[in-house]
Structure formats: structure tokens, C-alpha cells
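**Student:** All chains should be modelled from the sequences, with the hints used to inform the complete structure.
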Amino acid sequence: MGGVDLRALAITVAIGTLGGALFKWLTVPLPWMLGALCFTTAAAMRGAAIVMPRDLRNGFVTILGVMLGAGFTPAVLARIDQWAITLAGLVVWAAVAGALAYVYFRRVPGYDRTTAFFAATPGGLAEMTLVGGRMGGDVRVLSLTHAIRVMATVLIIPIWFRLEGLIGAASPGALVGLLDVSPREYAVLGACAIFGALLGVKLRLPAATMLGPMALSAAVHLAGFSEAQPPYVLTAAAQVVLGCAIGQRFAGATLGGIARTVGHALAVTAIMLGLAIGFAAVLARASGEPFSALVLTYAPGGFAEMSLVALALGADTALVASHHLFRIAFVVSLAPWLFGRLGGRS
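First residue of the sequence shown? That's 64 in our numbering, and the numbers climb one at a time after it.
Source of the hints: derived by calculation from the structure; they are not laboratory data. You may find that some hints are simply not true.
Stated by the list, open to error - Pair by pair, the computed Cβ-Cβ distance ranges are:
#: 1; residue 1: L266; residue 2: R197; range: 18 to 28 Å
#: 2; residue 1: P137; residue 2: A322; range: 44 to 54 Å
#: 3; residue 1: Q145; residue 2: F393; range: 13 to 23 Å
The beta-carbon is built from N, C-alpha and C at its ideal position, and this holds for glycine as well.
**Tutor:** Take a look at the structure:
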């Protein structure tokens, strides 16, 4: 993290932790992420130096990958064949949601074709901004649109679930203490984090620092070498770091300057989220999976963020993480090719 302003980083973590603690006291679901996100976003828009280095974020994403891998138990293997229908539905959802968002962006705010296409594509925030920018899209609009999509989704779903009684404020697994995990288990999980990240980067996997540790942790848990659950303090720390990472994207922005872009991004997020709820309702009957888990599965959030939401809310993390990974990998792989086929510059 060379070159990082340590004072600004300390202030960022303090603001995020304060927000998380307040939301925890208010019994808001997913308190540490939502509190950190709201407080750091507000601070960034007021001119505070909010920073969250990529290396630090990746470090906690690595821990999150290990946590998610712990959700892959032998019982999960027996259900993988049942995911064919939900994965197929995810492809349809991505196509319909992307098409509707593209039409909206072209006709309402009048974005150019490139910006509209990559702003509408429900892939990863960083990936869609990078690819869209390289092809001539407006990077500011792309990054802000995808950041708002992720932020709004992460804010809305946990609060909605709590109000509707679909799920509790915290999962039992989130209450595991640091001392409840043995030194041997820490050694095993630490090895999964380190070697999984190295392997993911070496293989150039999408979301490598999460997917690599998640895959290795899943293998370890499926083989019975570990049964450890994630301690609450690590879950809380990961929430704060990821919340701050989203909040820093709004540095230098003002409500007046970004209001138009934010408004259109929220409108498209509402379209995508409405479709996600509709698909979840239909596929819950067809697949037998819980409605709440499928809402998280189809929600237009980021891979890391929605996986953490699932973990914190006690949903089926294996189902949610696997489907979001599939969506992002599928969209990131297909989007540039499809854009070229539709007459864009590939």
C-alpha cells in the first residue's frame, strides 16, 4: 500500500466503523457494511479524503472468499444439479434486464450507444467501466451508474427483508467468536486465503482474490478437513472495508453535479430489481429454492457485496455466490463480443 495516505485511511476506517456501530445499535440489517457505506459516502461528498486501497480491499475480499467457501458442504453437492433451472433463468434475466436498461438509457437521458450499452450491462462494476471506457464510453457515467446500482441494491434488500420478516438481522453463524475457531482451523483457512489468491491470480480467474480462496476453501470443507465458520469480527471488518470501498467512489461528487446521472441509475436499478423479484417468485416454485435466497441471487449487486449480504443475513451463500460469479463471468465474457456484433467497436 505504498503511497497511501495513512491518516486519510485511518479517518476512513474510523468513519466507516462509527457508521457501522450506529447502524448496529439501531439493529439495521447488515449494519457494518450499510453504516460504513452511508457514512463514508456522505463524508466523500462533503470533501473528506475517503480512501480504501485496493490491496486492503482485496485482502478482506480474500478473507470473504474463504468465508464463502465454508458454505460449500457435502449437502450442497447434492443440490448442484437443481441449479440448472436457476442458472438458465439468470441468463434470461441478464438479457432482459440489460435490454430494458439499454432502451431506457438511449431514450430517456439520451446516452450515446457505447455508454448506454455498458451502463446497462449487469456485469461487475470495475469490469464494465474498464471495458466500456476502452470502447469510447463516458467513464464518469459508467462508474457512477454501476456504483449507484450496487449501492442501492445493497441498501434496499437487507432493509426490505427485515421489514417484511423474510430474514433476521443477523445469522447465527455471524455470532461465532474469534476463540471459537481452533489454531489448526485458522492455519487451514489462512492457507486457503493465501494459496487460493495466488492460484486465482495465476489462472487469471475473474474476481481472482475472492474466487481462488473460495474454491480452495470449498474443497477443504467438502473434503472434511475443516468445519470452521467465519468469526463475527472478521465478518464485521469485511463489511466495513467493502462499505468504505463503495463510499470512496463518490469522492468529489456533489448532489447537484451527479443528480441527473444518479436519478437515471436509480430508475434502471428499480427496473432490474423488480425483474429480479419477479424471476425469484417464479423460479422459487419451479426450483424449490427459497424466495429470499433467489432474490439475493438475482439482485443486480456486485459479486463480493451480494455474497457478503447473503453471508450476513444467513441465506444460502453457496447458491448466491455461485450464481453471481456465473453472471459476472458470463456478462464480462459476452458483452464485448455482443457489442461488436451489434455494430459497436469491439
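**Student:** Would you mind marking each hint as holding or not holding in the structure?
**Tutor:** Evaluation of the provided hints:
1. L266 / R197: 18 to 28 Å: Since L266 and R197 have Cβ atoms about 23 Å apart, the given range 18 to 28 Å holds.
2. P137 / A322: 44 to 54 Å: About 51 Å separates the Cβ atoms of P137 and A322, which means 44 to 54 Å holds.
3. Q145 / F393: 13 to 23 Å: holds, 19 Å
Going through the hint list in order, the structure satisfies each hint without exception.
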